[in-house]
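Kindly generate the complete structure, drawing on both the sequences and the hints.
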Amino acid sequence: MKRPSLTRYAWLSIAAAVATIALKAGAYLLTGSVGLLSDAIESLINLVAAGMALGMLSIAARPPDESHLYGHGKAEYFSSIVEGVLILVAAGGIAYTAIQRLFAPQPLEQLGIGLVVSLAATGINFTVARILLSAGKKYRSITLEADSHHLMTDVWTSAAVIGGVAAVGLTGWLALDSLVAIAVAANIVWTAIQLLRRSVAGLMDASLPPEDIQAIEGALASYRGRGIDFHALLTRQGAARRFVSVHVLVPGQMTVHDAHRVAEDIESDIRKALPDAVVITHLEPVDDEISLHDIPIDR
Numbered sequence: 061m062k063r064p065s066l067t068r069y070a071w072l073s074i075a076a077a078v079a080t081i082a083l084k085a086g087a088y089l090l091t092g093s094v095g096l097l098s099d100a101i102e103s104l105i106n107l108v109a110a111g112m113a114l115g116m117l118s119i120a121a122r123p124p125d126e127s128h129l130y131g132h133g134k135a136e137y138f139s140s141i142v143e144g145v146l147i148l149v150a151a152g153g154i155a156y157t158a159i160q161r162l163f164a165p166q167p168l169e170q171l172g173i174g175l176v177v178s179l180a181a182t183g184i185n186f187t188v189a190r191i192l193l194s195a196g197k198k199y200r201s202i203t204l205e206a207d208s209h210h211l212m213t214d215v216w217t218s219a220a221v222i223g224g225v226a227a228v229g230l231t232g233w234l235a236l237d238s239l240v241a242i243a244v245a246a247n248i249v250w251t252a253i254q255l256l257r258r259s260v261a262g263l264m265d266a267s268l269p270p271e272d273i274q275a276i277e278g279a280l281a282s283y284r285g286r287g288i289d290f291h292a293l294l295t296r297q298g299a300a301r302r303f304v305s306v307h308v309l310v311p312g313q314m315t316v317h318d319a320h321r322v323a324e325d326i327e328s329d330i331r332k333a334l335p336d337a338v339v340i341t342h343l344e345p346v347d348d349e350i351s352l353h354d355i356p357i358d359r
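With the working numbering applied, the sequence shown covers 61 to 359.
Don't take each hint at face value.
Restraint-style ranges between C-beta atoms, simulated for each label pair [stated by the list, open to error]:
| no. | residue 1 | residue 2 | range |
| --- | --- | --- | --- |
| 1 | L293 | G223 | 43 to 53 Å |
| 2 | S65 | D325 | 27 to 37 Å |
| 3 | A246 | E349 | 40 to 50 Å |
| 4 | V145 | G278 | 31 to 41 Å |
No lab work stands behind these hints, which were simulated from the structure alone. Since the model is a prediction, treat every value here as computed from it, not as a measurement. Glycine is no exception: its CB is placed at the ideal position from the N, C-alpha and C atoms.
Now the structure itself:
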């Protein structure tokens, strides 16, 4: 089944970023809080990342061609890598501004109105993040999942900033504003590292996660009692696509016709366990020792 276009979710993320930038920038101008400024900067990064996601999702949706027979799905990894780098840049800017303000604190103003505005922006981010995460899991899109996690980081960041600004209002200790902003920067760095690690793993054709491997093994289990064995199981994740190859060892006396039917059934069962997976099987006689020679090569 062909995956529907996901660009509408990217447009939703862009709209949310524009709205939150306006709200958070307004909150900063009202209060002068460097914490709220850091929050606004992160939303600016969200906008750039959402634009990148839109471009990569458009490319990923292209059908296979002569130069890309497996499709263009891996384009999504470029979006998540760029997003991770942008998050690191934002973290550096936030930390720099916060450290400067830590040594030269400034009084905050109109905290009540500023916090209300920031809360409204946080509510927008939370709602959009949940929508993107649901769509990302449903369509196995690392771009949407990365964007969702980024927005959720923004939500927790905003919560910390709002708490810090409120604490300044209650205690009068201006350093709290800068300290919260520094903590926000550290949290953003951790999020960026996680995104980059996952994206690089995808580009390096990392194996499918343990739960997917378990699902494949479950699909193969019923065949082992029929004198059929397996080896050289190889898997990889290519953005939304999952690829599985396995050697099927059948009894030597089985006809080519019957063995082919078995292979087709195995491929069908694996696809039932992993919907939309690309499954490739290779038939070998179980009683021929040559069949075992290709295990080290494939491994």
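Evaluation of the provided hints:
{"no.": "1", "hint": "L293 / G223: 43 to 53 Å", "verdict": "49 Å, holds"}
{"no.": "2", "hint": "S65 / D325: 27 to 37 Å", "verdict": "33 Å, holds"}
{"no.": "3", "hint": "A246 / E349: 40 to 50 Å", "verdict": "57 Å, violated"}
{"no.": "4", "hint": "V145 / G278: 31 to 41 Å", "verdict": "39 Å, holds"}
In this structure, the one hint that does not hold is number 3.
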